[in-house]
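Engineer: Each chain, letter by letter, is given below.
Number of protein chains: 2
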Amino acid sequence: MSKDKAITIEDVALALGVSESTVSRAISGKGRVSEETRNRVLNYIKKMNYVPNAMAKGLASSATGNIGIVVTGSHAFMELPFFQYCLEGICESAGAKGYDTMIAMDVFGKNRQLERMIVNRKVDGVILTRTATDDDALKFLLKHDIPFITIGTAENSGIYQVDHDHCEACRIFTEGIIKKGCERLLLLYSEKTAYVTRKRIQGFKEAVGKKYTSDMILDVSDDSKAMGLVIDGIRKHKYDCIICADDRVCMKLLDRLSVSGLTVPEDIKVASFYGSELLSKNRPSITSLKFDARDLGTKACSMLLNLIDGEETVKEELLGYEIAEGQSV
Amino acid sequence: MSKDKAITIEDVALALGVSESTVSRAISGKGRVSEETRNRVLNYIKKMNYVPNAMAKGLASSATGNIGIVVTGSHAFMELPFFQYCLEGICESAGAKGYDTMIAMDVFGKNRQLERMIVNRKVDGVILTRTATDDDALKFLLKHDIPFITIGTAENSGIYQVDHDHCEACRIFTEGIIKKGCERLLLLYSEKTAYVTRKRIQGFKEAVGKKYTSDMILDVSDDSKAMGLVIDGIRKHKYDCIICADDRVCMKLLDRLSVSGLTVPEDIKVASFYGSELLSKNRPSITSLKFDARDLGTKACSMLLNLIDGEETVKEELLGYEIAEGQSV
DNA sequence: TTGAAAGCGCTAACAA
DNA sequence: TTGTTAGCGCTTTCAA
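Which chain is which? The protein sequence lines are A and B, in order.
Counted the way the numbering used here counts, the first sequence spans residues 1 to 329.
Counted the way the numbering used here counts, the second sequence spans residues 1001 to 1329.
FYI, nobody ran anything at the bench for these hints, they're computed from the structure.
A couple of the hints might just be wrong.
What the hints assert, rightly or not - Some chain B residues flagged as far from chain A (calculated, every beta-carbon gap over 12 Å):
(1) 1005
(2) 1006
(3) 1018
(4) 1057
(5) 1069
(6) 1088
(7) 1115
(8) 1121
(9) 1181
(10) 1207
(11) 1209
(12) 1236
(13) 1239
(14) 1255
(15) 1263
Unchecked claim - A short, non-exhaustive set of chain A residues, derived as facing chain B with CB atoms under 7 Å:
(16) 54
(17) 55
(18) 97
(19) 101
(20) 307
Please read these numbers as outputs of a predicted model, since none were measured by experiment.
Glycine included, every Cβ here is placed at the ideal spot set by N, Cα and C.
Take these sequences, add in the hints, and give me the full structure.
Structural biologist: What follows is the structure in structure tokens.
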């Protein structure tokens, strides 16, 4: 069935008694073709299952019909479902517009995959996901002036980017918790170098306002010691609600609480700035913010395609969030 | 820097006073070129940062220099870090051989992305990650006779595939647990349609041998009810060790145990056939099997590239495993 | 509205 | 060992 070589534009032209250029025009929609000719062509190619050769098309028009997506970072980061969902959004909306997706997974800050992809001219544009940004990837893309969008990253203004409004979301969320009567808050975080973490902390601070003191936030990157302090603090009723900057931190906390025989929400209330499926399945369910990573991918992709097509597009886009009320607060 | 259009093979030929075909030969290594000429060419193109136009090359040689990777299945499946690690292995080893990687993420059993990728002839071969065995993707690839490898899937012999030896691993693992003195075992599983689950169950049965009875395995797909029975059983000392078919199930179990006030390993011993990072961070650490998904990707990729190059390659490859001893047994 | 023809940049016979 | 030449399949001027 697919053994025999594929049918070309020439075959179509011959069969229909028109020229190749006419067929090309009929298909692409560029240039005038009579309605009748166009229909004949379209019908014929559909009947014959004709699909243009992407390479030939690419060579002639110097466009690949591919976009690249770059996932860089530590393993711990890449493991987050976040990327899967992003990827899904990107693939789907790229596909809907006839683009295929290439992926570059560069783990240790080496951008080999990305560089090869660009240097080989395999893609028309690139989407950079979180973490990829402050490394050389950005400079590299800038230097090669290829269209690109970053997801969830950059302070560097002037580049096209899309993200959730973490600061705003976390502020509103924290305010809500305060309104419910919590006063002695503690924010737990890790990955303090991540831009998103800093944004979340900022939102928290804004919500707390002038009552903020530096002992209201705590880095728990190095597991046991810091967590031990937290548990002590809870026993001494130093806190009434603990907010976690992400679901990983929250999982850790919940583990420790259960080991220590402390229950939620009786002994301590718990909330999280980022609730994945893991948290929503927890008992009691954890009150948390939900961000839709899939949306992020979809939006980034449509911005990129606009950029590629030379159309107008916004420079920065901030997506919304949702609050998942649970039983933990 | 990259504004000015890229230098072509013609430019190189002109500059060096040789023909384009000589340059082509020097670069590809196919066909004879004198050592001297070859060096001149190689030096020059390095100096000039010449990179062949992948599309032109592809058009002329009808090969894309891309491989495709397909991730199909439910969200729950795709969320597993398994895919990330596979992907990483694939990207890296593809990259090492000069191939770029395209990704098709088809979520709901529709193979749109895959089909587009194939029909557009964007890839030279495909790697299919864990999918339902009767998946259309498989039929589609067979029909288009494009080289492909499946990872962790198919019973369908005759197709190229790579997987871990789940059956063997689970048998040995279970035997080890029995040797430690556990007698009243229970195997918890979900996703019973997955090939890998069936293999794991089979290994378990083999280890138990003729003492096996059907109430030694239990499907806990529908959370609460089945899990409730398990908890009851534990209280009645019906089991001394519970083995989970994967880390998801194990997480669920651990949650329930902690809610029920049962402790590991005092009240009940726990082990898992698949231990992700989540489990290894648990306290107490869970005794489990480790499979390296990255290896799977690497191996699959090298098999695929062999296939593409028309070289010999094994039809089936079974990779090893590791036992992570924890404090839970 | 349509066609002819010249590329796009590379590979691979076939000659030399 | 090297060069000549004819494509690979499509797009895109420029004429008709």
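Engineer: It remains to establish, for every hint, whether it holds in the given structure.
Structural biologist: Against the structure, the hints come out as follows:
1. With a minimum CB-CB distance of about 9 Å to chain A, residue 1005/B fails to clear the 12 Å threshold, and the non-interface call is violated.
2. For residue 1006/B, the requirement that its beta carbon stay farther than 12 Å from each beta carbon of chain A is not met, with the minimum near 8 Å.
3. With a least CB separation of 23 Å from chain A, residue 1018/B remains clear of the 12 Å interface cut-off, as annotated.
4. With a minimum CB-CB distance of about 9 Å to chain A, residue 1057/B fails to clear the 12 Å threshold, and the non-interface call is violated.
5. Not every Cβ of chain A is farther than 12 Å from the Cβ of residue 1069/B; the closest lies at roughly 8 Å, contradicting the non-interface assignment.
6. Not every C-beta of chain A lies more than 12 Å from that of residue 1088/B, the closest at about 5 Å, which undercuts listing it as non-interface.
7. Against the 12 Å criterion, residue 1115/B falls within the reach of chain A, whose nearest CB is about 10 Å from its own CB.
8. For residue 1121/B, the condition that its CB be more than 12 Å from all CB atoms of chain A is violated, with the nearest at approximately 6 Å.
9. Every beta carbon of chain A lies more than 12 Å from that of residue 1181/B, the smallest distance being close to 26 Å; the non-interface claim holds.
10. The non-interface label for residue 1207/B is consistent with chain A: the shortest C-beta to C-beta separation is roughly 30 Å, beyond 12 Å.
11. Its beta-carbon lying about 36 Å from the closest one in chain A, residue 1209/B satisfies the requirement of being farther than 12 Å from that chain.
12. With a closest Cβ-Cβ approach of about 23 Å to chain A, residue 1236/B is found to remain outside the 12 Å limit, as its non-interface label requires.
13. For residue 1239/B, the shortest C-beta to C-beta distance to chain A comes to about 21 Å, beyond the 12 Å cut-off, and the non-interface label holds.
14. With a least CB separation of 7 Å from chain A, residue 1255/B falls inside the 12 Å interface cut-off, contrary to its annotation.
15. At roughly 9 Å, the least C-beta separation between residue 1263/B and chain A is not larger than 12 Å, which violates its mark as non-interface.
16. The closest approach between the C-beta of residue 54/A and any C-beta of chain B is roughly 5 Å, which is under the 7 Å cut-off, so the hint is satisfied.
17. Checking residue 55/A against chain B: minimum C-beta separation of about 4 Å stays under 7 Å; hint holds.
18. Hint status for residue 97/A relative to chain B: violated, with the closest Cβ pair at about 11 Å, above 7 Å.
19. For residue 101/A, the interface hint holds, since its Cβ comes within 7 Å of a Cβ in chain B; the closest pair sits about 5 Å apart.
20. Annotation: residue 307/A was flagged as interfacial toward chain B, and the flag is violated, the nearest CB pair being 16 Å apart, outside 7 Å.
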